[in-house]
Amino acid sequence: MISGTRKVIDKYFSVAGVASILLMAAALVVLLTPIIYRGSKAFIFRATVEHRRFMLEKFERGNRDDVEGEVAEARQAREPVYAMVDAFRKDVASMGFVERRKYAPLVDELDAGLTRLLGPWPGTQRPVLIREQYGPTRWDRAQVALHEVLYVEGYDYSDPTRMGTKVYTPRIEEFRGTSLEPLFGYLEEHLDDMLHPRLTAYWGFLFDPSMDAHMFGGIWPEVLGTVYLTLGAMLFAVPFGVIAAIYLVEYAGEGHLIGLLRVCVSTLAGVPSIVFGLFGLAFFINTMHVSPSKSVLAGSLTLALLVLPTIIRASEEAVRAVPHTYREAALGLGASKWRATVRVILPAALPGILTGIVISMGRAAGETAPIIFTAAVSVGKPLALWQTLTEATPALPWNIYNLCTEHEAVDEIRHVQFGMVLALVALVLLLNLSAIVLRARLMGKLRGSAS
Amino acid sequence: MSLFGQLLLLLITSTSAVAVLLIVVFIVKDAVVFFKMCGFKEFLTSTRWYPTGEPAEFGTLAIIVGSGLVTLGSAAFAVPLGVVAAMCLSDLLPFSVRQIVKPVIEVLASIPSVAYGFFALVILAPMMQEQGGRLLAIATWAAGAPAALLFSLLMAEVLLRPCSESQRRRFRWPTVLVLGVAALILVYFAAGAAGRLQIPSGANALNVSIILGVMVLPTVVSVSEDALQAVGRELREAGYACGATRAEMMFRIVLPAASSGICAAVILGIMRAVGETMVVWMASGNAAQIPKPWFNLLEPVRTLTATIAGDMGEADHVTGSARYHVLFAMAACLLTVSFICNLASEYVMRRQRRKLHGG
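Top to bottom, those sequences are chains A and B.
Each residue of the first sequence is one higher than the one before, starting from 1 at the first, in my numbering.
Each residue of the second sequence is one higher than the one before, starting from 1 at the first, in my numbering.
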């Protein structure tokens, strides 16, 4: 080869390598940016007066006088809307048959749109569903509702070769020349006064129970369920994993049996997570009957099996990394092997073991497939500690799936979905970050002791 | 310590062995019931998946093909990228940069699969549906332009081989230029064709393959990097001493020496992709069909894991029916694949260790 070409190819390789690393970093950024940005809107958003009314009535939060004053103000701003529609209804009643046939359904449609925009009409009976008791609590949802009132959605099929395209025609056209014409301008201009949007930080999103299938309130049951499942899994996995690691490093020889055990650990690490779920259902619930049906206990046991190999490997590495001099010193002072292991080696290996535990906590918190059949339900109350033995729980990973695929109003609760994903990702990343920091400190300590 | 204590420790240690044994027993036990009811033939050869039909049909061929397709797709994406990244990480980047890149990879690995699935479903799928053509065109350019450059460089080398040294010197850059322009024109047309493609549904095999590729990347990178690191300094220095450039040294010496370890990395990556549930369940479209032609990634597919996750909710009420047991038969398939992959990677790693240390 000509040396020039060789050099160019060498450069090419370097650039390709750096580009692949950059691509990986870019993937991370592309993944996390929308989750963080849109997830944060579940916590900090422009809340309308309806949000504050909801908070006061359902959670008894906020100053009653302030909120009631604000509600009265908003009511005043809405008064002309109601008046106009009522007046128009009267007009319609006095119209001829043909026009009445034309306008009656139109005004009913408008009425429904206004209910979505402003909440139920004053004077009507209070609806049962919470979502029908309040107008939009978020300014972004209010904008969507306003758009629905101002425009009629239709499909354009004029081009027979293509699929119908969505077109919006202004609703005002339907009421051109009637007394309702000024309504639309009024709505557009005075929506601020009718809903009083204000930038609000709703930290309760994390700690409030959810209401009406996540249309209102927070995600506390899911957060708590995830915490229970994770801690439960650790409760079972940590003792077994750490003891197994100690045995493998300190006591086991290099026999065939131990070789087989090691193969089993790596096999267990490779079992697909959904198979763990099936196994948990078939073994823990249907065979062992640890609980009558799905429960946190069964889910924790399943997750414990899942993270066991991770804990064993990490702990093994940590125990192995303890310098031989420690062992020899302890034994030389007359300690028994078990005593040396427990009093000297285990404390020295503790940061490494902790790192492994923290990482597998992140894994257990984020796993969905194993808990589908063993622990997770879509809707539930926050559990008390003793209930975890028998009751199923909502959990962040499962409810993320559930809310974005099976919920009846997927588009209306995007903020809840993103908020949940953000909560889960933040939890897992925090755990991993602390593991990274822990390990960095450990490395520093080991290096320090060596010099 | 007493013998009794040792035995107790051994007993605790063998939990994982017991777990593996129980998993195999419980999955296979229920799978066998299905095979007794319906036999192997329909399960493995039919593409008709109508578990609720009358009579029910349990042909899983399309589902197995779907699993294979997304796995292949993700491997096609993750393996080249991951191996190059691992090479860069082990031999190119200075230590300080590596300290920053490694946590990035760890974070990528630690993000829960349901978050990836959510991203695929809520962000990537609508994007693909709305501007799929443009995205495909951009991807074609991003992959095609560097490939065209490399192709023209290597091709010029091959074409000028019979010439004398001075002729080579003279004609090299013109040849590269001509070839490069030709290749770029080819890429231009390919990108144009890709840009005209319409993606009817954003929930398809391509979407899932990309996301699975990203999920598998950390495994591929970290295992490959370990393998590359295990190749000692001596080999590298010998390469440099013979006058090789870094790229030549990496591709001709280190890569062959680490080939077993990289093989293991690929196998482990594939294992992870096959067993992944949430992403494929949420974003693959869940249509039990073999795409036409079979490698058409733009069509929706259904995978084994997604079928188990999706159907168990309903099948659970009819415990004992074929519908319940067929899911265990699928789990048995998954389990078999993961065992084979595990043994293969174990074997390959052992060979690598022997090659580097025992040889």
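Just so you know, the hints here were simulated from the structure itself, not pulled from any lab data.
Bear in mind the structure is a predicted one, so any value in this text is a computation, not a measurement.
Hints may be right or wrong, so weigh each one.
DSSO-like, lysine-lysine: derived pairs with alpha carbons at most 27 Å apart [as the list claims (entries may be wrong)]:
(1) A:Lys11 / B:Lys29
(2) A:Lys41 / A:Lys58
(3) A:Lys445 / B:Lys29
(4) B:Lys41 / B:Lys29
(5) A:Lys7 / A:Lys102
(6) A:Lys58 / A:Lys445
Here are some chain B residues the structure puts well away from chain A; computed CB gaps all over 12 Å [what the hints assert, rightly or not]:
(7) Phe35
(8) Cys38
(9) Thr45
(10) Pro51
(11) Cys88
(12) Ala120
(13) Ala182
(14) Leu217
(15) Ala230
(16) Pro256
(17) Ala287
(18) Pro293
(19) Thr307
(20) Gly313
(21) Ala332
(22) Lys355
Where a beta carbon is used, it is the ideal one built from N, C-alpha and C, also for glycine.
Tested hints:
1. A:Lys11 / B:Lys29: violated, 57 Å
2. A:Lys41 / A:Lys58: The hint holds at about 21 Å.
3. A:Lys445 / B:Lys29: violated, 51 Å
4. B:Lys41 / B:Lys29: The hint holds at about 19 Å.
5. A:Lys7 / A:Lys102: violated, 79 Å
6. A:Lys58 / A:Lys445: Given that 27 Å is the threshold and the Cα spacing comes to 52 Å, the pair is violated.
7. Phe35: Given a closest Cβ separation of 16 Å, the condition holds.
8. Cys38: Holds, since 18 Å exceeds 12 Å.
9. Thr45: B:Thr45 is indeed farther than 12 Å from all Cβ atoms of chain A, at 24 Å.
10. Pro51: Consistent with the label, B:Pro51 stays out of reach of chain A, its closest Cβ about 16 Å off (over 12 Å).
11. Cys88: violated, 3 Å
12. Ala120: At roughly 10 Å from the nearest Cβ of chain A, B:Ala120 sits no farther out than 12 Å, so the non-interface label is violated.
13. Ala182: holds, 18 Å
14. Leu217: Violated: least Cβ distance 6 Å, not greater than 12 Å.
15. Ala230: holds, 16 Å
16. Pro256: holds, 16 Å
17. Ala287: holds, 15 Å
18. Pro293: holds, 25 Å
19. Thr307: B:Thr307 is in fact no farther than 12 Å from some Cβ atom of chain A, at 10 Å.
20. Gly313: For B:Gly313, whose nearest Cβ neighbour in chain A is about 8 Å away, the distance does not exceed 12 Å, so it is violated.
21. Ala332: violated, 9 Å
22. Lys355: B:Lys355 clear of chain A: closest Cβ-Cβ about 20 Å, beyond 12 Å.
Of the hints listed earlier, those the structure fails to meet are numbers 1, 3, 5, 6, 11, 12, 14, 19, 20, 21, in rising order.
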